[in-house]
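K.L.:
One letter stands for each residue in the lines below.
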Amino acid sequence: MTVEMAEDRMAEAVGGPDGGQLLEISMGPHHPSTHGVFRMNVELEGEQVVKLKPVFGYLHRNHEKIAESASYLAAIPYTDRLDYMCSMTNNWAYTLSVEKLAGIAVPERAEYVRVIVAELTRLQNHASLVGFLMQDMGASGTPLMYAFREREKILDIFEQLSGARMMCNYMRFGGVRVDPSPEWLAEVKALVERFPRFLDEFEALLRENEILMSRTQGVGVLPRELAVNAGATGPLLRGSGVDYDIRKVDRYGIYERFEFRVPLGEHGDVYDRYMMRVLEMRESVKILEQALKGIPEGPVMDPKARLRGLRPKAGEAYGRIESPKGELGFYLISNGTTEPYRYRVRPPSMINLTVLEDMCLGRIVADIVVTLGSVDIVLGEVDR
Amino acid sequence: MLGEGILKGLAETARNFFGSYWGKERLTTVQFPEERLPQAEAARVFPFLVYDTDDWEKGLRCVACKICEVECPPKCISIEKSTEKKPDYVGKPQFFPAIFDIDVSVCMSCQICVEVCPFEAIKMDTVFELSTDDRFGGLHWDKERLAKPNSYYHKIHPTESAAVDADLAEKKAKAEAAHSAAAAKAAATAATAARTGSVEMGAQEKEAKAHS
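These protein sequences, in sequence, are chains A and B.
For the first sequence, the numbering used here begins at 1 and goes up steadily by one.
For the second sequence, the numbering used here begins at 1001 and goes up steadily by one.
Okay, chain A solo, but in the shape it has when bound:
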């Protein structure tokens, strides 16, 4: 195609609102800002965004259908691969809904262990998200490497417990797979004690940085009403000032025993969302301290729980938790066989992504990258 032909095609493809030309560009599926194989079809007028269409499905791997043709136990390792940054919380959401479906109780110690690993997951997810956000802004390397240094310490702890850094496959309906040793708990305690120092360092590194402020304040504003109407959850919703945390609303597990606060944003911009993550990490540290203090002795598996050949009575259940990215829910329908009749995932990443266009309209291309980074998506969960 010659240059003239390309120009002709562009001219006939678009006619801008004020007679100017629109430029259609495709960001992704392997753009460095897209956090995975994700594509945004963006229409630009000059440098202003007039339309943004997220395109996903490149990583679709039939997760729900696979789980519907497998036993209840066999679906657990697949849930690790949904949001591959936080496999522990995925496990928890799934086991919670199976426990609701089959009426399985969880021993006290297992509940504490679940809270500990879930809050550790939140720490490492938020740490790496903040690192990635800085990377998207052009702060190449340094903040991301500092964040990954801390994340790797937490992943090492997961490996000691479950045998794998990321694909933990740790929880089972009726408890958890391995009883944590006292040495492991001591190591977690040491990590939790060290963690606020990292947070202080990280804040000193970034919070007052003028470039960060000018790149994030007032950018990608998500109005409160829109956030609620679109079904956004997690730090994205709370960044817009809506007090909705499932740990407080549902009080699943044993969250009613812990004292923690839910940070809320005011403006709903990228900076608020960034601060949400930092503040949530501090609250997670508080929960971890309390959980490590209160963890009792005892079994970690319900002796009556059957892993193989579980046949819950016909019925349905929806279990949801506050995963680091938002409300993660599993909806299961049983027809009395060993396989779920329907298995549906409510992924926070995908539903949070639906407001991306509204946040980016009227902004420039560089802001799209930052806004997408602040939504916190993982494509394993978006596409399933």
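Think of the hints as simulated: they come from the structure by calculation, not from any bench.
Since the model is a prediction, treat every value here as computed from it, not as a measurement.
All clues stand as given, with none of them false.
Once the Cα atoms are required to be at most 25 Å apart in a straight line, the calculated PhoX-like pairs of lysine-lysine come out as:
| id | chain 1 | residue 1 | chain 2 | residue 2 |
| --- | --- | --- | --- | --- |
| 1 | B | K1066 | A | K65 |
| 2 | B | K1171 | B | K1185 |
| 3 | A | K65 | B | K1075 |
| 4 | B | K1086 | B | K1171 |
| 5 | A | K189 | B | K1024 |
| 6 | B | K1024 | A | K153 |
| 7 | B | K1172 | B | K1092 |
| 8 | A | K304 | B | K1171 |
| 9 | B | K1081 | B | K1058 |
| 10 | B | K1066 | A | K304 |
Calculated from the model, a selection of chain A residues having no Cβ within reach of chain B, i.e. all distances over 12 Å:
| id | residue |
| --- | --- |
| 11 | L23 |
| 12 | E225 |
| 13 | L292 |
Even glycine gets a Cβ: it sits at the ideal position worked out from N, Cα and C.
Place chain B on chain A using the hints.
P.N.:
Just chain B, lined up with the frame of chain A:
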């Protein structure tokens, strides 16, 4: 003052940079192939089959019950049962796998086969440098490649294997006790039978005598 925040951040970077020269806290990377961090004891990569004696073929603990084949989430195991039987660790005749293949290009290292195995026959290995240029055969492991001795299992997972061995020893002792009890019982019944038999014979003899 404009730029104050940036300077504060740069001070933090400088602290990290110079700190990495003497603090292990700030320098966490290692020069990988030459320098290695110890693996976690619970680490898992791909499964292997445990065998007990020196002979890998006779000592395999697997009895081809096919539970792992059914429960494996990505269905990477394929087993074919033998036609004849061989004695297992307690001496009971059991089937053994004529074919036991794992397609490690499909395996997702989830450890469910290990959890569901009632015979402690399949365990997770910790070897991770497994790249091969043979895309099909090299990733399709047969039971000869999968078989590893119990001593190897002890080397890679000391605590876990000790617990497993204790459990198996207990089962074996129980089985032997049951076996010997059964043998004693059988012997006892045989003895009683013999005694009653002799009594009867005595009666017959008496009868015969009476008749004569």
